[in-house]
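Join these two chains into a complex; the hints should help.
Heads up: the sequence lines are chains A and B, in that order. Using the numbering used here, the first residue of the first sequence is number 1, and each one after it goes up by one. Using the numbering used here, the first residue of the second sequence is number 1001, and each one after it goes up by one.
Please keep in mind that the hints were generated in silico from the structure rather than gathered at the bench. A couple of the hints might just be wrong.
In silico lysine-lysine, DSS-like type, Cα no more than 25 angstroms apart, as pairs [unchecked claim]:
#1 A:LYS153 / B:LYS1442
#2 A:LYS125 / A:LYS197
#3 B:LYS1471 / A:LYS153
#4 B:LYS1442 / A:LYS52
#5 B:LYS1471 / A:LYS141
#6 B:LYS1416 / B:LYS1384
#7 B:LYS1428 / B:LYS1369
Here's a subset of chain B near chain A, in silico, CB distances under 8 angstroms, partners left out [claimed, not checked]:
#8 ASP1446
#9 VAL1447
#10 TYR1450
#11 ILE1452
#12 GLN1453
#13 GLU1460
#14 LEU1464
#15 VAL1465
#16 GLY1468
#17 PHE1469
#18 LYS1471
Across the chosen pairs, the derived CB separations fall in these ranges [as the list claims (entries may be wrong)]:
#19 A:GLY147 / B:PRO1478: 28 to 36 angstroms
#20 A:ARG127 / B:VAL1422: 46 to 54 angstroms
#21 B:PRO1170 / A:PRO120: 42 to 50 angstroms
#22 B:GLU1173 / A:ASP73: 50 to 58 angstroms
#23 A:GLU71 / B:ASP1446: 18 to 26 angstroms
#24 A:THR119 / B:ASP1446: 41 to 49 angstroms
#25 B:LYS1416 / A:SER241: 52 to 60 angstroms
#26 A:THR58 / B:ALA1407: 41 to 49 angstroms
#27 A:ASP73 / B:LYS1416: 18 to 26 angstroms
#28 A:TYR88 / B:ALA1407: 24 to 32 angstroms
#29 A:ARG127 / B:ALA1438: 49 to 57 angstroms
#30 B:GLY1418 / A:ARG208: 34 to 42 angstroms
#31 A:ASN134 / B:MET1479: 33 to 41 angstroms
Ideal Cβ placement from N, Cα and C applies to all residues, glycine included.
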Amino acid sequence: MALLEVKDLKVRVEEREILHGLTLTVNEGEIHAIMGPNGSGKSTLSHVIAGKPGYEVTDGQILFRGEDLLEMDPEERAAKGVFLAFQYPVEIPGVATMTFLRTALNAQRKARGEDEYSTPDFLRKVREVSKSLNIPQDMLKRGVNVGFSGGEKKRNEVLQMALFEPALCILDEMDSGLDIDALRIAADGVNALRTPKRAIVVITHYQRLLNYIIPDFVHVMSRGRVVKSGDKQLALELEESGYAQFEDAA
Amino acid sequence: MPAVQETVERVKRIDVDQYRYGFETLIDSEKAPKGLSEEIVKFISQKKNEPAWMLQWRLEAYRRWLTMTEPTWARVEYPKIDFQDIYYYAAPKPKKSVASLDEIDPEILKTYEKLGIPLREVAMLEGIEPKVGEQDPAQRKIAVDAVFDSVSVATTFKAELKKAGVIFMPISEAIREHPELVQKYLGSVVPTSDNFYATLNSAVFSDGSFVYVPPAVRCPMELSTYFRINERNTGQFERTLIIADKGSYVSYLEGCTAPQRDENQLHAAVVELVALDDAEIKYSTVQNWYPGNSEGKGGIYNFVTKRGDCRGRNSKISWTQVETGSAITWKYPSCILRGDNSSGEFYSIAISNGFQQVDSGTKMIHLGKNTSSRIISKGIAAGKSQNTYRGLVTAHRKATGARNFTACDSLLIGDKCGAHTVPYIEAKNSSATFEHEATTSKISEDVLFYCIQRGLSQEEAVGLVVNGFVKDVLQQLPMEFAVEAQKLISISLEGSVG
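One chain only, chain B, in its complex shape (with noise of 0.2 angstroms):
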């Protein structure tokens, strides 16, 4: 398969620190000073010329945050966070603009092309602009019929995500716009008092995305593409919140397979997801943050808070997700499955190579009668990582006829790196089925030397094995994004082996 191959051709030529490539900004325009104070909340609320009671609602947060203390029992080391030595408000900070897609870094381009990400949107995503009075009129046409493109496509979704009657916008804008919405749903799946990190989040979470799909409309795309070129620059504090109500349907995509760095060391995320009756949500991530240099210095810590509320009957909430970056990864998308006969699944590849730290899994709380869910987690291990498992399956007391299966599945790359999990499971009546496998192994050397005699480079081999060992959860992807995230995995695990 030509994925494989490309793959290993781009992981020879790249090394991690490829990240410092094409992801500079320019000075920043504007920043309030570092550290949290009412002040600073305050400030960031007035810049987004919020209304009142959405400043109120992130001050009570603020209050809430000050007494609550980080939690400490993922399997996880970090050096203490000092939170008043962070910037949290920055406006958003332009890139550095390039004329045409010629002043990239080859390399750059290369990488977007292996992934398959199509020339416009890499436009955008280095943020060409065209300019004026421009010299060669071969590169002129090349910015602006990326630009152009980009922009027609943006505008050809919006239209025909109107006339669809779905709203989707970032949420700063939603909360100017969609006062009543955004006042019911936001908080409502992750409450202000949830966790330190989430707190944190409702106080100062500087934007994200908002989505609002009416009844009965099944979203006629896949918020992706579209979401992947308006994406930039969402900053660390994202907040995002989704409704699917009466017997709608909407895939997400969130994230990009292409390197990401940030300045920002600290991203702590907050994602809501609310399905009335009968409404479907799907939501896929592909996180590729900046995992650290091969030293391990450096990196993201990305401590995410992500839950979807079944609030209907017979609603259903997929997650999705493809974690390969990020220094320490501290996640858990959740489903509350509230609605009656409503159904909750959480399809996992989480890969760690270097010194990441991954520390992810679900939570699937059966409230309603004859709920269902199914968790698949494939760990891929490899380097000096540790990989960690942390999964919760409850049902309550009156959550008759509550069915869980869960496969756990960890592969190990080498005899220098960790896999754990770490499931709990409590059933409060005696009428629930729950369901646990895990297994874990160790891609073989008998294995590895089989592909290799019949032509295999020992990297494409890995690359190969590992494929067919997440196979099940890729097919979960939206079918454009399996294709790029299959590349991806054999990217992270580039020098895992020999």
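Bound conformation, chain A alone (with noise of 0.2 angstroms):
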């Protein structure tokens, strides 16, 4: 069974349809890489995903091991292993990201019908995470993203995601706002994070994202829908030539 299958997907924002019946499956351990120009919906598509309030989804579906995804609350659906990491992470002031990271994970294994990690096991995992991710303590003992550079954020994601573990990373345009040293140090991140059994979906506009993150597959989306399906050699194509030829074809 595919890990996620979404079927001719179609979703409308306040009357207008953003998506026209998008079709992607992605397996376990495959890196989907999906490309296209601003508006094209690759962010309607992972926020849709997520469950993030405000679109309607007027047709087609989209499971997740073969369960209903849309039938989920949206915590439901982090429990079951769906994490986005934020194109934009948000600020939390007063809220330390160590409690944060524990109020969530707790949660998450809660719902799973888990045991809560016990305060020592839960610091011993964070510091062993950090240490890989390069963060420093310090950074945990701040407000969630309260002051963080970009590169800091975006470490604050791929920390969360491995401490979560989840089965699906969608991750929303990582590279933006990065400069080439903190987009290698993510980027190191998320492939240390690389197991047979982790699917990745890496948005993104630009090739060079893809050149640290190697993926198996490559979609173009333009206005809504899939439009070219390939192996990493298409995303190449696509720097040189551009995503205008996809426009017409659209």
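Below you can see the structure in the form of structure tokens.
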């Protein structure tokens, strides 16, 4: 069974249709890149999978391990293993990052009927993970993303991914606002999370990120549909020829 | 953080009407007739075996009250109160007594458990009494242990306080046992003529606490746990007087995070604090009175006058309040900074949900030289509530070098509530430095979705964000209470989203 199956998905935002019948299948262990120009519906797709309010699904299906994802509350999807790394992670003043991580992790574990982590176990796990991502302990004491640099915010997303161990990671424009060094650190973090069980969907404008996170499949989106799929070679071609050809095709 | 999750679980299970549980009383023992007259004032005084001077004091207040009218400047609306339709005296009513914790509604026990209130206090709060000839030995053991425990705790406290020379007793006892102290200080901060409700309180106050800390004594404990056990049945017109003599320190904690219901709709308390040279008083309040039901019916009207007088040089008074209950809150804990170099602080979290109305804030009155004050106010409005911060910072002509910093932050949850900030700032000399910052924000959808995407429910997410918002103030509370208050905050926001 596929991990994620998006079938002929049609989505509206305030009466305007953004996705016009999108189909995508992601299996365990695969890395998919979704590329496309601004406004092609890439972020909409990621938001609908994660369950962000404000989108109306008018047709089609999203199955996660065969279960109807659209029937689940967003927190339920998170507990089932759907993780969205945000393009612009929000700031939550006064809530220490450590507190946030623990609250979220335990909420997910509880939803799955697992025991909550004890404090020492949790601290050990966070330390281990944050060390591998080069995240200083002092950052964990600060408010969630408050005063974090662009790179720190993205690393914090990867840190959560590593902690929560989701089955499906969707990275929405992870490269936006990152310099080349910060990008490499974040990408290394993501690569370290590759397992035969975990699928990763990378949403990006540019081929650049795909030099660091090598995809098995590349999909080009235009005007609310996948217009072409291929392997990593397709991303390189796009770099050469741009998106314009697909604008016409769509 | 487990606190948030626990809170939300509780919230899901128990609705506002949970208040009906556990706070029932049996028949009234003794009541004066409804209404207020000189006879009633005399009756109250006589019931309490008060000396003649006290009766005179009350009568003067009563006569003054007759000439006063209710204040209407606050941003609160309620039907006119008929002051002749209120009982002004009822002998403390015994709670319906139960033999053991087993007889208490499990939901209530859970409430206490979630709030982290120790079992022995639960037993006291719920009025558990050991029964003679108890059948079940296990039950009996719980009951006796519970009561025995609390009594022994209270006794230990008393012994320790006595050793330090701290006087801590009901004010009715202090009037008889320490008349010289009471006469000297009662009404010296909030005079009998102060305002409509304070004057009413002066005429008919039922009981309250009296604290005197002798010179150079650091009160050996937070006057909290003990207080919580003994605070029951102080009634609707509470009167508290705390005096910190030269170089002393005391931290006092009022209230309880556990829900409190009272049949008396009108509450008009007066709290007076006096800090002499180099003394410090820290006064913390957690108020969780019945806020009314989900339609906005019922609920306590809380018209309180709280004022501290930094009478001595280098003295300090700090108010910290967490206000979550009551249908109407009208409350401005204030500091008179009379002594040179004295300082006042006001840290406040005021939460309103449902149909609650809060008009609260502080007054910092700078009279001495080089006095300083600090105000951190966090107002949170949810549901259809109205939440107003009203504050006055004033520097007298002679109060050179006065400094104030004020930060008022309001957080709105939903779009049917209101937050208002009404600051009054008066500097009557040019050397004063007053700073005022104010923000109003809404919990953004993006922040909530971020939290929810990480596995939190909507309510957990709101609880988390709000607790972050009020963190600066929570930190001012004594440790044990900060944890309870944090949970309480989330409980109060029940049903504010979704």
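Going through the hints against the structure:
With a C-alpha separation of about 22 angstroms, the suggested pair A:LYS153 and B:LYS1442 falls inside the 25 angstroms cut-off, and the hint holds. For the hint pairing A:LYS125 with A:LYS197, the CA-to-CA distance comes to about 20 angstroms; that is within 25 angstroms, so the pair holds. Of the pairs offered as hints, the one joining B:LYS1471 and A:LYS153 holds, with about 22 angstroms between alpha carbons and a cut-off of 25 angstroms not exceeded. For the hint pairing B:LYS1442 with A:LYS52, the CA-to-CA distance comes to about 18 angstroms; that is within 25 angstroms, so the pair holds.
With a C-alpha separation of about 14 angstroms, the suggested pair B:LYS1471 and A:LYS141 falls inside the 25 angstroms cut-off, and the hint holds. Annotation: proposed proximity of B:LYS1416 to B:LYS1384 holds, straight-line Cα distance about 5 angstroms (limit 25 angstroms). Proposed proximity of B:LYS1428 and B:LYS1369 is supported: the alpha carbons are some 13 angstroms apart, at most 25 angstroms. At its closest, the beta carbon of B:ASP1446 sits 5 angstroms from a beta carbon of chain A; the interface hint therefore holds under the 8 angstroms criterion.
With a cut of 8 angstroms, the hint placing B:VAL1447 at the interface with chain A holds, because the nearest CB-to-CB distance is about 5 angstroms. This hint holds: B:TYR1450 has a C-beta 5 angstroms from the nearest C-beta of chain A, less than the 8 angstroms allowed. Checking B:ILE1452 against chain A by beta carbon gives a least distance of about 5 angstroms; that is within 8 angstroms, so the hint holds. Because the beta carbon of B:GLN1453 sits about 5 angstroms from the nearest beta carbon in chain A, less than 8 angstroms, this interface hint is met.
Here the hint on B:GLU1460 is kept, as its CB sits about 6 angstroms from the closest CB of chain A, short of 8 angstroms. Interface restraint check for B:LEU1464: the shortest CB-CB distance to chain A comes to about 6 angstroms, inside 8 angstroms, so the restraint holds. The interface hint given for B:VAL1465 is met, as the beta carbon of that residue sits about 6 angstroms from the closest beta carbon of chain A, less than 8 angstroms. Taking 8 angstroms as the C-beta cut-off, the interface hint given for B:GLY1468 holds, the closest approach to chain A being about 3 angstroms.
Annotation: B:PHE1469 was flagged as interfacial toward chain A, and the flag holds, the nearest CB pair being 6 angstroms apart, inside 8 angstroms. Below 8 angstroms, beta-carbon pairs count as interface contacts, and B:LYS1471 has one with chain A at about 4 angstroms; its hint therefore holds. Distance hint check for A:GLY147 and B:PRO1478: the Cβ-Cβ separation is about 30 angstroms, which falls inside the suggested range of 28 to 36 angstroms. For A:ARG127 paired with B:VAL1422, a C-beta distance near 48 angstroms keeps the hint of 46 to 54 angstroms intact.
Between B:PRO1170 and A:PRO120 the CB atoms are about 46 angstroms apart, so this pair conforms to the stated range of 42 to 50 angstroms. Against the hinted window of 50 to 58 angstroms, the Cβ-Cβ separation of B:GLU1173 and A:ASP73 comes to about 57 angstroms, which satisfies the hint. Our hint of 18 to 26 angstroms for A:GLU71 and B:ASP1446 holds, since their Cβ atoms are close to 24 angstroms apart. Under the hint 41 to 49 angstroms, the C-beta atoms of A:THR119 and B:ASP1446, about 30 angstroms apart, miss the expected range.
For B:LYS1416 and A:SER241, the Cβ-Cβ distance of about 53 angstroms falls inside the hinted range of 52 to 60 angstroms, so the restraint holds. At about 47 angstroms, the CB distance of A:THR58 to B:ALA1407 agrees with the hint of 41 to 49 angstroms. At roughly 24 angstroms, the beta-carbon separation of A:ASP73 and B:LYS1416 lies within the given 18 to 26 angstroms, and the hint holds. The hinted range of 24 to 32 angstroms is satisfied by A:TYR88 and B:ALA1407, whose Cβ atoms lie roughly 27 angstroms apart.
Hint check: A:ARG127 to B:ALA1438, Cβ distance near 40 angstroms, so the stated range 49 to 57 angstroms is violated. Between B:GLY1418 and A:ARG208, the C-beta spacing of about 49 angstroms breaks the proposed range 34 to 42 angstroms. Between A:ASN134 and B:MET1479 the CB atoms are about 35 angstroms apart, so this pair conforms to the stated range of 33 to 41 angstroms.
The structure fails to meet hints 24, 29 and 30 from the earlier list, while all remaining hints are met.
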